[in-house]
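Let's have the full structure, built from the sequences with the hints guiding it.
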Amino acid sequence: MIEIKDLHASVDGKAILKGINLTIGAGEVHAIMGPNGSGKSTLSNIIAGRDGYTVTKGSITYKGKNLLEMSPEQRSWEGIFLAFQYPVEIPGVNNTYLLKAGVNAKRKHQGLQELDAIEFLQIVREKAKLVELDQSFLSRGVNEGFSGGEKKRNEIFQMAVLEPSLALLDETDSGLDIDALRIVANGVNHLRSKDRSVVMVTHYQRLLDYIQPDVVHVLMDGKILKTGGKDLALELEERGYDWVRQEAAA
Amino acid sequence: MSVSLQTVRDQAWLAFEARGLPTTRDEDWKYTDLSRISALLGEQWWQAAAATEIDAAAFAIPNLDAYHMIFVNGRFDAEASDLPAGITVSSLAGLIQDEPDKTIELMAYHADAALSSGLTAANSALASDGACICIAANTRLDKPLHILHVNDGGTSHLRSSIEVGQHAELEIIEHFAGNHDASGLTNSVTAIRLAAGGRCTHYRLQLEAVKQCHNGRVEVKQSRDSAYVLHAVELGALLSRTDVISKLDEQGASCELNGLFVASNRQHVDHHTRIEHNAPHCVSREHYRSVLDGRAHGVFNGKIIVGKGAVKTDSAQSNANLLLSDKAEIDTKPELEIYNDDVKCAHGVTIGQLDKNQLFYLKSRGISEEEAKQMLTFAFADEILAKMGSQPVRRFIERAAFAKLPIITDLEGMLV
Numbered sequence: 080m081i082e083i084k085d086l087h088a089s090v091d092g093k094a095i096l097k098g099i100n101l102t103i104g105a106g107e108v109h110a111i112m113g114p115n116g117s118g119k120s121t122l123s124n125i126i127a128g129r130d131g132y133t134v135t136k137g138s139i140t141y142k143g144k145n146l147l148e149m150s151p152e153q154r155s156w157e158g159i160f161l162a163f164q165y166p167v168e169i170p171g172v173n174n175t176y177l178l179k180a181g182v183n184a185k186r187k188h189q190g191l192q193e194l195d196a197i198e199f200l201q202i203v204r205e206k207a208k209l210v211e212l213d214q215s216f217l218s219r220g221v222n223e224g225f226s227g228g229e230k231k232r233n234e235i236f237q238m239a240v241l242e243p244s245l246a247l248l249d250e251t252d253s254g255l256d257i258d259a260l261r262i263v264a265n266g267v268n269h270l271r272s273k274d275r276s277v278v279m280v281t282h283y284q285r286l287l288d289y290i291q292p293d294v295v296h297v298l299m300d301g302k303i304l305k306t307g308g309k310d311l312a313l314e315l316e317e318r319g320y321d322w323v324r325q326e327a328a329a
Numbered sequence: 390m391s392v393s394l395q396t397v398r399d400q401a402w403l404a405f406e407a408r409g410l411p412t413t414r415d416e417d418w419k420y421t422d423l424s425r426i427s428a429l430l431g432e433q434w435w436q437a438a439a440a441t442e443i444d445a446a447a448f449a450i451p452n453l454d455a456y457h458m459i460f461v462n463g464r465f466d467a468e469a470s471d472l473p474a475g476i477t478v479s480s481l482a483g484l485i486q487d488e489p490d491k492t493i494e495l496m497a498y499h500a501d502a503a504l505s506s507g508l509t510a511a512n513s514a515l516a517s518d519g520a521c522i523c524i525a526a527n528t529r530l531d532k533p534l535h536i537l538h539v540n541d542g543g544t545s546h547l548r549s550s551i552e553v554g555q556h557a558e559l560e561i562i563e564h565f566a567g568n569h570d571a572s573g574l575t576n577s578v579t580a581i582r583l584a585a586g587g588r589c590t591h592y593r594l595q596l597e598a599v600k601q602c603h604n605g606r607v608e609v610k611q612s613r614d615s616a617y618v619l620h621a622v623e624l625g626a627l628l629s630r631t632d633v634i635s636k637l638d639e640q641g642a643s644c645e646l647n648g649l650f651v652a653s654n655r656q657h658v659d660h661h662t663r664i665e666h667n668a669p670h671c672v673s674r675e676h677y678r679s680v681l682d683g684r685a686h687g688v689f690n691g692k693i694i695v696g697k698g699a700v701k702t703d704s705a706q707s708n709a710n711l712l713l714s715d716k717a718e719i720d721t722k723p724e725l726e727i728y729n730d731d732v733k734c735a736h737g738v739t740i741g742q743l744d745k746n747q748l749f750y751l752k753s754r755g756i757s758e759e760e761a762k763q764m765l766t767f768a769f770a771d772e773i774l775a776k777m778g779s780q781p782v783r784r785f786i787e788r789a790a791f792a793k794l795p796i797i798t799d800l801e802g803m804l805v
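From first to last, the protein sequence lines are chains A and B. Here the first sequence is numbered in my numbering, starting from 80 and rising by one per residue. Here the second sequence is numbered in my numbering, starting from 390 and rising by one per residue.
Everything labelled a hint here was simulated from the structure, so no lab data went into it. C-beta atoms are modelled at their ideal positions from N, C-alpha and C, and glycine is treated no differently. Careful: at least some of the hints might be erroneous.
Said to hold, decoys possible - With a cut-off of at most 25 angstroms between alpha-carbon atoms, the simulated SDA-like pairs for lysine to any residue come out as follows: (1) K762/B with E223/A; (2) K762/B with P170/A; (3) K230/A with A775/B; (4) K208/A with A196/A; (5) K776/B with L804/B; (6) K144/A with E758/B; (7) K776/B with S653/B; (8) K230/A with L743/B.
Claimed, not checked - Simulated coverage check for chain A against chain B, where a stretch passes if three residues somewhere in it have a Cβ under 8 angstroms from a Cβ of chain B: (9) 125-133; (10) 180-187.
As the list claims (entries may be wrong) - Pairwise CB distance ranges, derived in the manner of DEER restraints: (11) T135/A with D570/B: 54 to 64 angstroms; (12) Y165/A with A571/B: 47 to 57 angstroms; (13) S215/A with A792/B: 30 to 40 angstroms; (14) D213/A with E494/B: 25 to 35 angstroms; (15) L194/A with E759/B: 20 to 30 angstroms; (16) Y165/A with A792/B: 33 to 43 angstroms; (17) I197/A with K716/B: 56 to 66 angstroms; (18) E205/A with E801/B: 23 to 33 angstroms; (19) E205/A with A735/B: 39 to 49 angstroms; (20) E759/B with G131/A: 17 to 27 angstroms; (21) P795/B with Q291/A: 48 to 58 angstroms; (22) E205/A with R788/B: 26 to 36 angstroms; (23) Q189/A with R425/B: 48 to 58 angstroms.
See below:
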């Protein structure tokens, strides 16, 4: 699905990523963990195509194409989805209108016919149920006046509608109470399939109790210092991160 | 009777001769340079335009079910109008002819009135027509009254008065329009009085022709528990200035001022508003936005005065401005004068370009850069229009406003 090779990136001249190597196969779920400031969010933002990052070295190949040459909207059409750590509020832009425009832009790119309003509404209603999102949210402004938990559910709802091949969840679990975490995790688990890969960037092990990863990576100091199975997450929870750095240095 | 209408007029004329046009040395006119008016219109710019014939139907608001009062080059056109029964509607010209004494109070010029200027004096001296409307207590007009002022250039001085009786309700659409290449000045004063419990929704749509200048003044005096709502839209004219003065004189009165400027090229739009909280438990809401493209220049000055006795005042003001070009300019100044402690006053100003985070968010959902910019620009401006209760007026303004912004290419798609 995606292959990241020796990726170096900086923000305002400051090196953040210092040689990331990461390969994610179709259908796999990877967790990327690490302390604050280790570069976790930078990595997901670069994959989604946010401005303000300079890739100084390395490459990202996605479905055989050079990802770094694509605009954010092209990446979306090719199946990349970023669930934002802090979803923005866009008053005045209707939630459903946004999704319809997004879905149809993608269909147009794929040479498919645009969905009409009725077909689209059916899809949207069905997906809203998945994340237990009240119908009234559909006609509201994007994230306008939503609580923290509602914003995160809305992200997963959008993901369900856009049906990505590679979903990046950037700290989607942060700030969620247990009920909301369960709902969000249900939504993600529902979307797991052999064609869809998921990258979860997280700070906490508890998310992984709900969404079982195939692989866990530790990102520290701009590099992946350790890779393991889901037991690694438990070990990190218990022992913190310093031992990983020591082990890598040794 | 101590003075005659003629005396009032003569005094106003003397005041106008003494004051002349405001200059940028006046604090209230710092950013609006009227020397352009005399440069465009010549020395005798105040002289009224000749009578003419214009097909008012060309300026109709689609799907609007309303009564119509039509003025052409500042003259009431009875034939083109469709006036309601059951309320008193007269043209000022008719009143001046039949009952001049009744117009003295309306026509008087008060040099010390807030935001008064030489233009206000000229209006007192020269206003020849306008809408004079009186709605009796406990009545409601079944349809809005569309007051259309259309011109083919030149100058008109208009003075209108709207009197809303106790618990009466009225919706008016003051609409200034033209489609010509000539220059001129529309100088309009509208005085509104709301008796106890009276309600008035006032759409003020400035869609003058491209070289026309516009000077407007709206004075609202409110009694107990009355409610006034203004939707002011500025789309047309080369230079446009409007002063809105709202006096909440008795307890429980409320006013809501919503304003939208959409300006491009070298358009200049200026609104000075002044809300006076003169009594306890009054509520004011003011939300102004501007979208400025090209070399357009916007000015917003919003003054809110909370008097000593106006305890439990609840006031909120916001002004947000979107600059679509490097050469567009906005001068904005919220002014709060508060003379007691028991008040709630919120205010905020923003000036900026389209939000980068919002743009990225939309693009990450598969929306192209161009479409994302359109969506954000439309949404920004439409938040003000969404406050309009009248769907036909809202749609009419959306079409007129966004048609002039090159960034909006799929307007019909956005309106769905």
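For this structure, which hints from the list above don't hold up? Violated: hints 14 and 17.
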